[in-house]
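Asker: The lines below spell out each chain.
There are 2 protein chains.
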Amino acid sequence: MPELRKDPIIGRWIIISTERGKRPTDFIVEKSETRGGFCPLCPGNENTTPPEVLNYSSTSDHQANRPGWDLRVVPNKYPALVIEGSLNKEGDGLYDRMNGIGAHEVIIETPDHNETFTNLPPERMIKVFLAYRDRLLDLAQDPRFRYVMVFKNFGAAAGASLEHSHSQLIALPIVPRMISSEIEGSLSYYKYKERCIFCDIIRQEINQNKRVVAENELFLAIVPYAPRSPFEMWILPKRHASSYLAMDDDHFKALTAIFSECMRRLDTCIPNVPYNFVLHGAPLRSQPLDHYHWHFEIMPKLTMIAGFEWGSGFYINSIPPEEAAQYLKDAAI
Amino acid sequence: MPELRKDPIIGRWIIISTERGKRPTDFIVEKSETRGGFCPLCPGNENTTPPEVLNYSSTSDHQANRPGWDLRVVPNKYPALVIEGSLNKEGDGLYDRMNGIGAHEVIIETPDHNETFTNLPPERMIKVFLAYRDRLLDLAQDPRFRYVMVFKNFGAAAGASLEHSHSQLIALPIVPRMISSEIEGSLSYYKYKERCIFCDIIRQEINQNKRVVAENELFLAIVPYAPRSPFEMWILPKRHASSYLAMDDDHFKALTAIFSECMRRLDTCIPNVPYNFVLHGAPLRSQPLDHYHWHFEIMPKLTMIAGFEWGSGFYINSIPPEEAAQYLKDAAI
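In order, the protein sequences belong to chains A and B. Counting in full-length UniProt numbering, the first sequence runs from 1 upward without gaps. Counting in full-length UniProt numbering, the second sequence runs from 1 upward without gaps.
Bound conformation, chain A alone (with noise of 0.2 Å):
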């Protein structure tokens, strides 16, 4: 059973997976990716993942778990946390511990193994858009999971350790850190501004135009004042907005339009750099909040977290975010 447990200091909440057991030998520095071979994701490949958990054809007799699939959802086959088993809070002397459960699942994107998401057509990627809203939808119904974190890896630099197109998620028994760290800092920006400091964010880029990657009628992207990588990217909804679950169908074709454009606009300036991205939103059954703005966050892999960074929490970025912008929106796509 993995563990979740407290640094009793900060608060920071660490993951103990003990689904392998590893030995010092059985770590090995650099994880290269497979390529070629094999590949579980591929159709035909159903019985070597779990079974799925949500799937989207475009063939009306279309099976369970066989080919014929647009798109389909299963659970990790080596999850980070497990999914059955109660939470079992306890303390250990000053220290604070909880049972590993939750949810990890894996979006697979595209049964094409030759096609990246920057690469997927639209009426490809708005799937992957809905299939997060319908994970979120239905993960919210566990009352022991407070937050669902969507992200993407793109890349062996990045984490992925499969080439074949996918996100992940991870539904988790507490909000954290960095999601309860935004909405706290966005809870005191209003409670002084009574005004959501997203929407700020939104209005004042707009004006100064000196950020923004992309635009339309309902979201913005821009490379935000303070990144933590060269390159790193924001998606923001025009209107507010603190869940994901706030979209209606306009929506979801415009922002798979805004991130398809940014993606191909990241692309033609790195090609094929690795990265992430992640889905910033309120927590599970959380009341939609005035002061707090759901968003993703794209952040290319080109720097390396060393001992200033760990230790301080510092980054260092060697390319002014405005510069970035321009170099984003002057790429040929």
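Mixed in with the good hints there might be a few duds.
Identical copies go unnamed one by one, so any copy, or any two together, can satisfy a pair.
[To be verified] Pairs of lysine-lysine, BS3-like flavour, derived with a Cα cap of 25 Å: (1) K238 with K210; (2) K329 with K6; (3) K253 with K329; (4) K127 with K253; (5) K191 with K6; (6) K238 with K193; (7) K6 with K238; (8) K89 with K6; (9) K210 with K89.
Source of the hints: derived by calculation from the structure; they are not laboratory data.
On the provided structure of chain A, position chain B as indicated by the hints.
Answerer: Coordinates of chain B only, in the frame set by chain A:
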């Protein structure tokens, strides 16, 4: 001029380091370490670094910036922050920035290119710890600086770009988030319990004796209860002190003994593992704090920061700290 910028939502600072103008095509994803060839940190090449700010030598007639030193400290040739100038703190709409003023120095730990920190003889390693003290004392004189982050990157995977054994320090005009979180967290514990949380951790770890790696009269080395990385270790002084500068001669000797032991244990478990270590202590010119406790954190580089970690601030660790501590204790050194 580099720039310091603050994320307005969670207060995270970043450094825009513009000393080297970069275009998108300049980003190389995996830096490879230069092995062999010319080493700017070797004796005889003193003129290829900026002039030293400190040197220790056993030779009575040793001249600055000439061979014959045991240890030297020089400004980083490619500094993240620059020493000359004023902070010019200012707003930009809802954003906050200041000039990137700071010191970035390299502590060259030995004249011998082939010696690693782990294998330094005690009489050499103690000089490294004394050099940290001497530089902290000197930099504390500059009222622009609030904190000095001392850290070491070993191995290309941990961010070291030079092979010759060295550590670094960055003097900052603000207290980094990681340190202020620790100080705030330990203050809230102190307010409730009237005890230092680190002192309580030391007592509990000695009693439980499940995560102790090494111990001597003045220091304790543990795998922390909630480690971010497999084989993470903390070295804590047993006698309460919030600042590294509180150490006397006996402490420097005992610190060297336990640090050397921990590094050799780690190296036996995972030979030549890349790692970072960082010194955490009270801000410069701070009063002694009853609630905060200086310490070192040693982080082997064995896992990758991917989307989940970026998005959540959670870490996934695949070996329970009790097992890691046992491996480290059992290692033949």
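Asker: Report the numbers of all earlier hints that the structure fails to satisfy, in ascending order.
Answerer: none
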